[in-house]
Amino acid sequence: MSSSSPTSAPAQVAPLNDADTGWLLRVRGLSKIYGEPISNSVQYTGPAHGTNICPETDAIVACAEISFDLYPGEVLGVVGESGSGKSTLVQLLYFDQQATAGEVQFQAIDEGQTNILGLSNQRKRHTRSNLMGMVYQNPRDGLNFSFSAGGNIAEKLLMAGNFHIGRIRERASFLLEKTEVPVKRMDSTPDTFSGGMQQRVQISKAIANSPPLLFLDEVTSGLDVSVQARVLDLIRHLQRELGVSMIVVSHDLAVIRMLTDRTLVMKNGRIVESGLTDQILQDPQHPYTQLLVSSLL
Amino acid sequence: MPLLLQVQSVSKHFQLHIQNNKRIAALDDVSFKMDQGDILGLTGKSGSGKSSLMKCIYRTYLVNSGRILLHTGSGAVTDLASASEHAVLRLRQTEMFYCSQFLSVIPRVPAADIVAESLTRKGVSHADAAEQARDLLSKLGLPRELWDAFPATFSGGEQQRVNVARAIIAAPRFLLIDEPTASLDPKTKDVVIDLVLALKARGTSVVLITHDQHTLDRMASRRLHLEHGRVRELETAVVA
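Protein chains in written order, with our numbering: chain S, 1 to 297; chain Z, 1001 to 1240.
A hint or two may mislead.
[Stated by the list, open to error] On the chain Z side, residues computed to face chain S include the following (Cβ under 7 angstroms): (1) T1060; (2) Y1061; (3) L1062; (4) R1108.
[Unchecked claim] Rough simulated footprint, nothing fancy, chain S against chain Z, three-plus residues with beta-carbon under 8 angstroms: (5) 1013-1021; (6) 1083-1093.
I should point out that these hints are in silico values taken from the structure, not numbers from a laboratory.
Positions of the beta carbon are idealized from the N, C-alpha and C atoms, including for glycine.
Bound conformation, chain S alone (with noise of 0.2 angstroms):
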């Protein structure tokens, strides 16, 4: 070999060019740690000691200096196992929960010159029902289960301050159309519905007004593999009409794959390799990630 640096460490996560513009979320630094840090719980924490918990105080680094950039109509994955951090982070960047530290640009909010992490709630909860959706894993945790599918859209509409109750109903039977939900089963509640449907009511709700920014964590996990595929393909389906970002949660590789251009690799509340998802799973560089793609079946 005439050249080449022999890399017996894993490669590096690349450094962020802070130069770089035209990004619609910028993350930098983004921390939660429950319980008592003390100044070197995330010194003693990371993949290098094959744990997230703090020897001394027992608090847990649930995510740590996760940084990362994400630019308009891109689908970023975010892979790793229980545990890892994954959807702590979206849950972080969706006012789930407040981070410890770190700090996040919104370009829809105040042309990203705010860190959002620092807003009042009342901005929070605008951010949250005009500019942002969230499908969970769960749909207990993103519908109300004694509302109507429709009245499940209509909250949504709602609390971005759209009160005409006639149009309301168009928009949520256009939406319930688009993800495949048969618009008769509108004002039935979802737990009369199969887990694929909810899944799909709980889609058309993120979307329902619209948002630049999309976060599903885990949204096919508990399906059989037809529902999955037919929800993935929905996924895609609307990512490419409406041109929407999403960070996609997922410790499923064939979902990463199959939705994602960009993939970041978690392990013990760290960012372990970051890149295109296809180098992610052709060309892995961490030891985790070689371990995650050898075991893809």
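Position chain Z relative to chain S; hints supplied.
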């Protein structure tokens, strides 16, 4: 012709951390240039590094050293080996297309839609794209009853036609194409060759991998021969 691609001292190996840190060499100090409008045929035995080189150009593989300079349609020069992921994605959308050896099937999407998607991504209307997709599939001899079927159950040759159609329909500026005529009958083979040559005539540059002598002779304007990941010869062939 102006330059399209400069590959400079590219080396690539795989470090298998979970298999005793085994190191597998793929490319060793590979350098060559390519002009716009060239069809560069990569030749060499299986395992000589042809597909690795193609994947390095497309950034599916990360190189360990070297540069891969693409002279883009806008006149800028981008090092594909070190450009940001976002920049590479944009180039994949606007000018580079990689056609792998096998169709990676998207479940539940009909053949004609898979082909049309290459056009709709570029802003062509659904109706126009669908019509062009059907046209092309018909030229490639894919039976009409398969146009709206899911390719998962297609034969190798049928999948191959869908794969090639998807790659050429949007006339990419720079096409990377791996074994486009394998598993095709001689007649369809020539249809594919003619379609790619027609793209070349319109300015498309191509990197081609093929083990088929007929395909190579008819298509390649230049050849690069690889052996154990090293360039053995770079020759200018008679243009077919």
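Hints, verified against the model:
The criterion of a C-beta within 7 angstroms of any C-beta in chain S is met by T1060 (chain Z), whose closest approach is roughly 5 angstroms, and the hint holds. A hinted interface residue such as Y1061 (chain Z) counts as satisfied when its beta carbon comes closer than 7 angstroms to some beta carbon of chain S; here the least separation is about 4 angstroms, so the hint holds. With a least beta-carbon distance of about 6 angstroms to chain S, the hint placing L1062 (chain Z) at the interface is held under the 7 angstroms criterion. Restraint check, R1108 (chain Z) versus chain S: the minimum CB separation of about 5 angstroms is within 7 angstroms; hint holds.
Look at the segment 1013-1021 of chain Z against chain S: 7 of its residues bring a Cβ nearer than 8 angstroms to a Cβ of that chain, three or more, so the hint holds. For a cut-off of 8 angstroms, the count of residues in the segment 1083-1093 of chain Z with a CB near a CB of chain S stands at 5, and the three-residue condition holds.
Checked against the numbered hints given earlier, the structure satisfies every one of them.
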